[in-house]
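Novice: Here's the letter readout for the chains.
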Amino acid sequence: MAYSDKVIDHYTNPRNIGTLDKSKTNVGTGLVGAPECGDVMRLQIEVDETTGIIQDAKFKTFGCGSAIASSSLATEWLKGKSIDDALNIDNMEIVEELALPPVKIHCSVLAEDAIRSAINDYRGKNGLEPIESTKVHH
Amino acid sequence: MLKLPIYLDNNATTQMDPRVFEAMKPYFLEIYGNAASKSHPFGWAAEEAVDYARGQVASLIGASEKEIIFTSGATESNNLAIKGVFEMYASKGNHIITLSTEHKAVLDACKHLEKLGAEVTYLSVGYDGMIDPAVIEAAIKPNTILVSVMYGNNELGVVQKISEIGAICKKHGVLFHSDATQAVGKIPVDVLADHIDLMSFTAHKMYGPKGVGALYVRRKNPRVKVTAQMDGGGHERGMRSGTLNVTGIVGFGKACEIAKTDMAEESTRLSGMRDRLERELLTLEESYLNGNKEHRLPHTTNISFKYVEGEGLMMGVKDVAVSSGSACTSASLEPSYVLKSLGLDDELAHSSLRFGLGRFTTEAEIDFTINLVKEAVTKLREMSPLWEMFKEGIDLKSIQWSEH
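Protein chains in written order, with the working numbering: chain V, 312 to 449; chain P, 4 to 407.
For the record, the hints were derived by calculation from the structure and aren't laboratory data.
A quick note: this is a predicted structure, and the numbers were derived from the prediction, not measured.
Note that beta-carbon positions come from the ideal geometry of N, C-alpha and C, so glycine has one too.
Fair warning: there could be bad hints in the mix.
To be verified - Residues on chain P that point at chain V, a partial pick, calculated with CB under 10 Å:
id, residue
1, Met19
2, Asp20
3, Val311
4, Glu385
5, Ser387
6, Pro388
7, Glu391
8, Leu399
9, Ser401
Chain V on its own, in the form it takes in the complex (with noise of 0.2 Å):
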């Protein structure tokens, strides 16, 4: 199977990899996949707290070309946005961004899962509820 140009990009030139300060109150750390599925991302968001604008965001991914592609462009599409902007990001979106085969698509739901879960260690760590998701993925 041949990958896209932006995923070759994106695995070849991954934009954020790395770790924040997961103790600090203002970052939130999603950890999703299980290495016996051969895919774990960590992913992780800086929030300014006064604005409650994501500042930063890093993120590490055992997995395929596809799964490394998706959480990097995540992390693109994070900064600068808002947390309910960033709740908004659909897998289909960077489904269409990668130009993901249909055998990849669990890849970027894993990439909307781990925003999701970044965020809801966000809001935990700062005293509110988790946002449920609501979605059905297929």
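Add chain P to chain V, keeping to what the hints say.
Specialist: Quick look at chain P alone, frame taken from chain V:
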């Protein structure tokens, strides 16, 4: 100057040897008769070519030419052997013994027979991929008709103790089939010394053409017969109907002749390069060799690079064609069943790469591969959350993973 990409997937298929191609050439346009046409020179010439090739093939495995049944490849040979024995020997019993690490052509043929009333025992191998012949002996029952054990494993390269298993089968009067697709042409295989009754192998794994294979069927001590799985003109002693692929068979014969002549030198050269590749890659932290190190094919190595996913790694080494035990493209995300059969953690199975060297592999290609894989593993580990956790001393098994 290196030509990229480099082919290190010789367990999947091999490049045809130019000498094989030369031998085949006249049989496309000039000598095109049907080997079954007995009444004119066109047929005679084709038959003569097939007979000669049959001798070349038989000679490589210590058989007589009458014991070679030409097929379309190893998948067909495996099917013919297993289904054909089940049907032919139905009155003697219905029990078949095989291994969980066999090729799908064997496993799925057995599964098919289970629906038709066969009782199949799938034995598990040890952590090194080997089966203890005593375990096979213990599994033999009065209704056992067939034991089917792969000679050399396609994913690991592990070579089973075939002659011991063959001797056990002989002692108990049970037929012994071996899928020797990866072994024939690579290591010495002798059907008499190994007490093999039926053996499947194919041309394209030994620098011959695709679309032609053989089933060895023993003619004496005991005389073995299989029920044909295709009805037709009764070719190949009634066991495999269909006009013979003369061109392919000529190529298969030539490939066997070359393999026999070059085997000793070639296997020494390949195992030397394989060992160097393996030694270098195992210097990477948390990398593991899969399968037995002593009993194996000279050209194969299978290594897991922990905390790096195999498919992602293959993308990082895209200038080298290899294969991975990780199958992220399948709906189930199940890693290789062969690696899982060894009792490997899914995580290690997902992190594996198989390197299959071949006749045309060069030292320079191995140098290139060593550097590329080392760089890719290092780079991917830097972006792996699992590697970071490992380095922080976190036990990955202590984490509640979210399944998806």
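Novice: Interface hint check: valine 311(P), Cβ to nearest Cβ on chain V, cutoff 10 Å. Holds or violated?
Specialist: holds (7 Å)
Novice: Minimum Cβ distance from glutamate 385(P) to chain V below 10 Å?
Specialist: This interface hint holds because 7 Å falls under the 10 Å limit.
Novice: Take the shortest C-beta to C-beta distance between serine 401(P) and chain V; is it under 10 Å?
Specialist: violated (12 Å)
Novice: Does the nearest C-beta of chain V fall within a distance shorter than 10 Å of the C-beta of glutamate 391(P)?
Specialist: holds (6 Å)
Novice: Under the criterion of a CB-CB separation shorter than 10 Å, is serine 387(P) in contact with chain V as hinted?
Specialist: Nearest chain V Cβ about 5 Å off; hint holds.
Novice: Report holds or violated for the interface hint on aspartate 20(P), using the least CB-CB distance to chain V and a cut-off of 10 Å.
Specialist: violated (30 Å)
Novice: So, methionine 19(P) near chain V? Judge it on the closest CB pair being under 10 Å.
Specialist: Cβ of methionine 19(P) sits 25 Å from chain V, so the hint is violated.
Novice: Hey, does the leucine 399(P) contact hint survive, CB to chain V under 10 Å?
Specialist: holds (6 Å)
Novice: Hold the hint about proline 388(P) up to the distance rule: shortest CB distance to chain V must be less than 10 Å.
Specialist: holds (4 Å)
Hints 1, 2 and 9 from the list above are not met by this structure, while the remaining hints are.
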